[in-house]
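Undergrad: Each chain, letter by letter, is given below.
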Amino acid sequence: MNSQFDSQGRQAETRIGRAGPGFLARLEIAVVLVLIGLFACQLSAQSTNPAAVLLDQVALNAGRVESVFTRFAQERHLSLFQEPLRTEGYLCFQKPGRIRWEVTQPYESILVSDGKGVAQFERAGGQWKKLDLGLADAMQSVVAQIGAIMEGRYASQQRDYSISATNSADGPVLTLIPRQPAMLKMMQAIEIYLTPDFRVTRRVVLREQDGDFTDIRFSGQMAEPPLPAGTFDRNKPADLELIRKSVEQHKGASPENPVSK
Amino acid sequence: MTRQSGQIMAAIRGLGAAALVLVCAGGCVSHRVLEASWQPIPPSEGDSAAFAVARQTVREAFPASWQATQRAIISVGRRQFTCDGFLTASPAEGWHLALISMLGLVADVRVRNDGSTEVLKVTPLFREDWARDYVAQELRWLFTPPPELAPAGRLADGRLALEAKSGADGAKARYVCSADGSHWEEIEVWDGPRRLFHAKVSGYRTFPGWPRAVPSEFDLDAGTHQLQIRTVTLAAASPLKEEAP
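Chains as they are written, first to last, in numbering that gives the first Met the number 0: chain G, 0 to 260; chain L, 0 to 244.
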């Protein structure tokens, strides 16, 4: 597997990504690439060329994935603060375009899209409260694009980022650099760390120009888990414990798709 | 324009709206004049002990040096947005807040103990003067109560009102505590005859490493917008990193 990449760190470029400037672009890139990285867990080991072929394979294999469940731990490192801002939770994805990003610590929040619209819930005082979400249309537009990419339709649409692929002892690393100057002012690079067998994305790092960065680490990923009805319900999303229970049962039946707590 | 770029442009326009909301959260939209809600009865000699307790309650509402993660819901009209706050405060460094929205860092501001404000970082969607003039100047009333508080009197319901004046901008704050002075419950900030905002203070709870209960919930109403802030983590603050020369 490692022979796909030059051991001297030779870099090959391809182009993906299309985004507007500013925050949207950053959000879009960040989330899209996190999810691209996640779906690289399905990547086969047949490529013999560097990054361009690798990205093709990511696209090809992403299209085969129906659903994903994973934990995440995110740290926002701000240069002027000694300690990072930490959040953790769970990510669920299911075709077509259904996404649920649930923060469980240090607060509880759910951003969920059923493919048609997006909703957000906040938990306070033991009660979930649905927000009258501002920018819902814009958010759904972004989420829809993410969904399209997760379904393997990104390669033909995306053209604004250069990707280099290098190898390391811990596995391949994809580094994406925006081509647009306006975008580059916001985001220096996005790094996707894969395990040596390409099955799992270990980590995604979003680096800003000023030294701040966001570090997202994934664990307990599972492809094709049975997500219960209501997982992506925009009015009353299923309880996380119900989802976890369903996934844990699947874990017992499919030891090759591990889920860890 | 392709469909995708159209979607992106729509989203960017939406983000412009988000910027407006954040401006509102910072108080940049002109404040509506609100009716005065409190008419304190001048304090009597017998109240001095309770006022002493109230002064101490407000001044020591938070640890001397602390660091907190906060979750905020901003409401403007019928639209709501969420934001994370990362706050540190210390006698040496003053007050330092990073605001982070779903779309990334919004602003990073510091208010030093002498009242001077420094915008350490600001993103394209947030103007520096908004961060300097509104976010910093308003939220500091909540999280760094001023040391000098004078009794303003008792309210009709028996609660105690304390008053503080800002040195530079002339804004005036009233802090309301329970009748015995043991709990800080509300705050009003005024600019001349205009009430800039009113906030209810509640959710007293303890956090690991700090034995005293601190207020963790703030429901702020500025007329044009509402802000619900919850402190979700609190710890003794780490010192700020040395800035590059």
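In case anyone wonders, no lab produced these hints; they're calculated from the structure. Careful, some of the hints might be misleading.
[As the list claims (entries may be wrong)] Every beta carbon over 10 Å from chain G, so not counted as near; a handful from chain L, in silico: (1) Pro42; (2) Arg58; (3) Ala97; (4) Asp107.
[To be verified] Okay, the calculated beta carbon distance ranges per label pair: (5) L/Arg204 / G/Arg85: 12 to 22 Å; (6) G/Ala181 / L/Ala149: 25 to 35 Å; (7) G/Ser78 / L/Pro210: 45 to 55 Å.
Just so it is clear, CB atoms sit at the ideal spot from N, CA and C, and this is done for glycine as well.
Undergrad: Look at the Cβ atoms of arginine 204 of chain L and arginine 85 of chain G and judge whether their distance stays inside 12 to 22 Å.
TA: holds (20 Å)
Undergrad: Please check whether the beta-carbon of arginine 58 of chain L is more than 10 Å away from every beta-carbon in chain G.
TA: holds (25 Å)
Undergrad: Just want to verify: proline 42 of chain L was marked as not at the interface with chain G; is every Cβ pair farther apart than 10 Å?
TA: holds (35 Å)
Undergrad: Test the statement that alanine 97 of chain L is away from the interface with chain G: the closest C-beta pair must be farther apart than 10 Å.
TA: Answer for alanine 97 of chain L: violated, closest chain G Cβ roughly 5 Å.
Undergrad: Verify that the Cβ of aspartate 107 of chain L lies farther than 10 Å from every Cβ atom of chain G, and report whether the claim holds or is violated.
TA: Since the minimum Cβ distance to chain G is about 6 Å, aspartate 107 of chain L lies within 10 Å and the statement is violated.
Undergrad: Alanine 181 of chain G and alanine 149 of chain L, beta-carbon distance inside 25 to 35 Å?
TA: Violated, since alanine 181 of chain G and alanine 149 of chain L (Cβ atoms, about 51 Å apart) do not stay within the stated range.
Undergrad: Could you check the hint for me, namely that serine 78 of chain G and proline 210 of chain L are 45 to 55 Å apart, CB to CB?
TA: violated (32 Å)
This entry does not satisfy hints 3, 4, 6 and 7, going by the numbered hints stated previously.
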